[in-house]
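Reading the sequence shown from the start, the letters are residues 10 to 248 in the numbering used here.
Hints listed in this document are in silico derivations from the structure and should not be mistaken for laboratory results.
Hints are supplied without guarantee of correctness; some may be wrong.
To be verified - DMTMM-like mimics (lysine to aspartate or glutamate), calculated; alpha carbons at most 25 Å apart, straight line:
id, residue 1, residue 2
1, Lys163, Glu237
2, Lys183, Glu195
3, Lys146, Asp228
4, Lys183, Glu154
5, Lys183, Glu107
6, Lys163, Asp188
7, Lys146, Glu158
As the list claims (entries may be wrong) - Distance ranges between label pairs, derived from CB positions:
id, residue 1, residue 2, range
8, Glu134, Ala169, 11 to 21 Å
9, Ile105, Asp137, 29 to 39 Å
10, Arg101, Gly192, 19 to 29 Å
11, Gly175, Gln56, 36 to 46 Å
12, Glu107, Gly175, 31 to 41 Å
13, Glu167, Leu125, 16 to 26 Å
14, Lys163, Leu66, 37 to 47 Å
15, Asp132, Ile230, 17 to 27 Å
16, Leu197, Glu134, 18 to 28 Å
17, His142, Glu167, 21 to 31 Å
18, Ile62, Asn191, 40 to 50 Å
19, Glu134, Leu66, 37 to 47 Å
Only a predicted model underlies this, so the values are computations on that prediction, with no experimental measurement involved.
Beta carbons: idealized from backbone N, C-alpha and C, even for Gly.
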Amino acid sequence: MHQNNNRPRAGMLYEKSTVINVSKTGRILSSAAGASLIYLALSGMKQSPVKNIGKLLVGGYLLYRGLSGNCPITAAIDDEQRPRHARAVNIRTSMIVERPRGEVYAYWRQLSNLPLFMAHLDDVEVLDNRHSHWTIKLAGNMKLEWDAEITEDKPGEELAWRSLEGAEIANAGKVRFRDTENGGTEILVTFTYRPPAGFVGAGLARLMNPAFAQLVRHDIIRFKQHLEGVPTPDNSGRG
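Based on the provided sequences and hints, a complete structural model is requested.
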């Protein structure tokens, strides 16, 4: 039977709209960034509706990308035209905690405490004095795990760590602790991550950066409130 090759087609983008072309890691990052951007957009809609509509649209796209596993932009771009990795991203923030420096350092140094204030972390299992196993869980039963090591530990002054080779998201962090005049502690946090392959160059990573910067800042605010004994709502989205 002769096959009709001239029949109407819906178009390449439509035909690829149900293809899962986003890695597990990409889905987790996209879901986290999308949910955060949507939250930020809705929170600021009254103050600046025009500005936040853009955040809402980008957040919706990233959330769709994460939950569905399909990226229309990726489908429309040839693999050879996409850089394999986006540039590493550095996020910095600082906060004053009204507790003594030794206490603040000791609490952070016990890595199993981190999920208590880092909403995106499900568990940090301490393996030995330098090594730990980290787990992130998000919507859609998505899970990401990696091993990390402490690279620098100056008690009461500085703590640095990094993911080990083989992690799907290469990441590292550093926290510095400084005395304040009134007996509190200033913490200076730097977090670095490298988006994985398949992120359509640095463009998609740049869309996600404001969301992840806000996530890190919210984590540090929760850390401050946790140590100062201020009740915080459970907005981690777990469960």
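Going down the list of hints, with the structure as the test:
1. For the given pair, Lys163 sits about 23 Å from Glu237 by alpha-carbon distance, which is consistent with the 25 Å threshold.
2. Only pairs whose Cα atoms come within 25 Å are accepted, and Lys183 paired with Glu195 is accepted, the gap being roughly 14 Å.
3. For the given pair, Lys146 sits about 16 Å from Asp228 by alpha-carbon distance, which is consistent with the 25 Å threshold.
4. Distance hint between Lys183 and Glu154 is fulfilled; the C-alpha atoms sit about 20 Å from each other, no more than 25 Å.
5. Taken as a hint, the Lys183 and Glu107 pair is honoured in the structure, with Cα atoms around 20 Å apart against an allowance of 25 Å.
6. Using a Cα cut-off of 25 Å, the hinted pair Lys163 and Asp188 holds, with the two alpha carbons roughly 15 Å apart.
7. Restraint check: the Cα-Cα separation between Lys146 and Glu158 comes to about 21 Å, which is no more than 25 Å; the hinted pair holds.
8. Between Glu134 and Ala169, the C-beta spacing of about 19 Å keeps the proposed range 11 to 21 Å intact.
9. For Ile105 and Asp137, the Cβ-Cβ distance of about 32 Å falls inside the hinted range of 29 to 39 Å, so the restraint holds.
10. Between Arg101 and Gly192 the beta carbons are some 25 Å apart, a value that agrees with the proposed interval 19 to 29 Å.
11. Checked against the given bound of 36 to 46 Å, the beta carbons of Gly175 and Gln56, roughly 44 Å apart, stay inside it.
12. For the pair Glu107 and Gly175, the supplied restraint of 31 to 41 Å holds, since their beta-carbon distance comes to about 40 Å.
13. At about 21 Å, the beta-carbon gap between Glu167 and Leu125 stays in the expected band of 16 to 26 Å.
14. Remark: the range hint 37 to 47 Å for Lys163 to Leu66 is upheld by a beta-carbon distance near 44 Å.
15. Look at Asp132 against Ile230: about 21 Å separates their beta carbons, and that is inside 17 to 27 Å.
16. Evaluation of the 18 to 28 Å hint for Leu197 and Glu134 yields a pass: the beta carbon distance comes to about 27 Å.
17. Between His142 and Glu167 the beta carbons are some 23 Å apart, a value that agrees with the proposed interval 21 to 31 Å.
18. Between Ile62 and Asn191 the beta carbon distance is about 42 Å. The supplied range of 40 to 50 Å therefore holds.
19. Checked against the hint of 37 to 47 Å, the pair Glu134 and Leu66 passes, with Cβ atoms roughly 38 Å apart.
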